[in-house]
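This is what each chain is made of:
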Amino acid sequence: MPKARIRNQIRRLRFDHGEMTQQHLADLVGCTRQTIIVLEKERYVPSLSLAFEIARVFERNIEDVFTYVDGPERDGSP
Amino acid sequence: MTTFWIGFAVLGGALVVIAITRFIRGLVPQSEMRDVPMTALETLGWVGLAVTGLVTAGLGVLVAVVGVTDLQEADSARFIFWLILIVGIGVWLAAWVALRRRNGGVVADERDRVVLARSFSVESMVVLLSLVTWAVVLTEAFWDDGTVPLAYLQLLFWTTLIGGAMGRSLGIVLGYRREIDTDA
Numbered sequence: 013m014p015k016a017r018i019r020n021q022i023r024r025l026r027f028d029h030g031e032m033t034q035q036h037l038a039d040l041v042g043c044t045r046q047t048i049i050v051l052e053k054e055r056y057v058p059s060l061s062l063a064f065e066i067a068r069v070f071e072r073n074i075e076d077v078f079t080y081v082d083g084p085e086r087d088g089s090p
Numbered sequence: 003m004t005t006f007w008i009g010f011a012v013l014g015g016a017l018v019v020i021a022i023t024r025f026i027r028g029l030v031p032q033s034e035m036r037d038v039p040m041t042a043l044e045t046l047g048w049v050g051l052a053v054t055g056l057v058t059a060g061l062g063v064l065v066a067v068v069g070v071t072d073l074q075e076a077d078s079a080r081f082i083f084w085l086i087l088i089v090g091i092g093v094w095l096a097a098w099v100a101l102r103r104r105n106g107g108v109v110a111d112e113r114d115r116v117v118l119a120r121s122f123s124v125e126s127m128v129v130l131l132s133l134v135t136w137a138v139v140l141t142e143a144f145w146d147d148g149t150v151p152l153a154y155l156q157l158l159f160w161t162t163l164i165g166g167a168m169g170r171s172l173g174i175v176l177g178y179r180r181e182i183d184t185d186a
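Protein chains in written order, with the numbering used here: chain A, 13 to 90; chain B, 3 to 186.
Pulled out of the complex, with its shape left as it was, chain B reads as follows (with noise of 0.2 Å):
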């Protein structure tokens, strides 16, 4: 039995150290993209995936130190709470309302659509990911109590949400260094 739990441990370690080099690599733009300027969508991206990463550090940091049940009970908490979220949605739109002024009032051309709409499928893998995870931790932590306290059904809903978003950026900024074929 402890041998299949260490093979299935290599395994999962394999896959994910495949995953992360990939991810990386998707980064990274290929040599003729390299002196293509970014776009306001693009650009838009990087700071969606820079806000999004900080909230969740922000948050994780906070879950870390007051605890799951007292962020919701503790006003000074929730307080914090609310603030990192709030703060973190201002950044991002005022990120957006600047990038509209500076390019005329456009965000988007044919192009940006096409990345926009592909960005779809990365957030719906974190979502989906983020909700199996979610179902099977809080499964196996409150299975003998029979009920899950509220306080983390609201951090299920904020991470999904946070989550969703993160992926929506790495999909925009993944797509911009993919070729595109719309008749594909």
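Okay, chain A solo, but in the shape it has when bound (with noise of 0.2 Å):
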């Protein structure tokens, strides 16, 4: 079975926020500027709480910035 993978939209955010920079967002939401890095490449998967304060500091519901892709679709094949 294909796993399935967390997308996310942080990096267009940022920049639709004024050009946000990464250190900006981290410390706006507590975390690492390497952790943002990570989390753009979709590199790592956040925790719920860190999930919620990205997404608050967009003004934005969570699905909005990001969303669950089952296997398949990963690839580009619906």
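There could be a bad hint or two in this list.
Cβ pair distances, simulated, as ranges [claimed, not checked]:
| id | chain 1 | residue 1 | chain 2 | residue 2 | range |
| --- | --- | --- | --- | --- | --- |
| 1 | B | Trp84 | A | Glu54 | 34 to 42 Å |
| 2 | A | Thr33 | B | Asp72 | 53 to 61 Å |
| 3 | A | Arg68 | B | Val19 | 45 to 53 Å |
| 4 | A | Phe64 | B | Arg180 | 43 to 51 Å |
| 5 | A | Lys53 | B | Val138 | 28 to 36 Å |
| 6 | A | Arg68 | B | Arg120 | 24 to 32 Å |
Pulled from the structure, derived: some chain B residues nowhere near chain A, Cβ distances all over 12 Å [claimed, not checked]:
| id | residue |
| --- | --- |
| 7 | Pro39 |
| 8 | Leu43 |
| 9 | Leu51 |
| 10 | Ser78 |
| 11 | Leu130 |
Keep in mind that the hints were calculated from the coordinates and are not lab data. Remember, predicted model here, so these are calculated numbers, not experimental data. Virtual Cβ for every residue (Gly too), placed ideally from N, Cα, C.
Using the hints, build the complex out of the two chains.
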């Protein structure tokens, strides 16, 4: 069974919010810049509380920032 | 019987080569992780690897030169033994304090804590391996005597402790090179 994946829009939302820097976002949500980098690269799935914190910074619902993608869709095929 | 031991050695050698290859590949960051700067904890992991490696090498040379029994009996050898350990711990603590200061008192966030928690499995494996090795070596070496000199027990303790610290540092360094899915 293909592994599901959590995709996110953090990078785009950062730029939509006045080109917010990774460090600034990290300071606002209480994590390191490195964690924001790996989040944007989708190499790290955050805890629920960090996900909510990030959504709150961008004034969005959590589903607008993070989406759950099933295995087949991960590769681009529906 | 000889064929058995040759086969055993070849199989063992192959397993060691595979383990070393996997270990070296694990240390090289994957392409998408190459431009990610090191966190304070990862830096501390590398410092830990360097310190434990140097302490192990120092103690190894000392034991090879003076012997295990003299290590306890000769004052100068015992002094060097403790000096190596204290300097090693001191360097690691200094690095930890410096990193804390540089990061405004914060060394770890939630991702760091996940990496740290997972590194425990590497540490336990190294500690277990050290204890098994010592048990086998001491049993084989002193079976006829029926007793183990006290100096070996102290060496067993320190090598296991240093090995554990090295395993923890290795686990941290490897942890940052892997994808982390807190969901998995």
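**Request:** Provide an ascending list of the numbers of those earlier hints which the structure does not satisfy.
**Result:** As far as the earlier hints go, 1, 4, 5, 7, 8 are violated by this structure, in ascending order.
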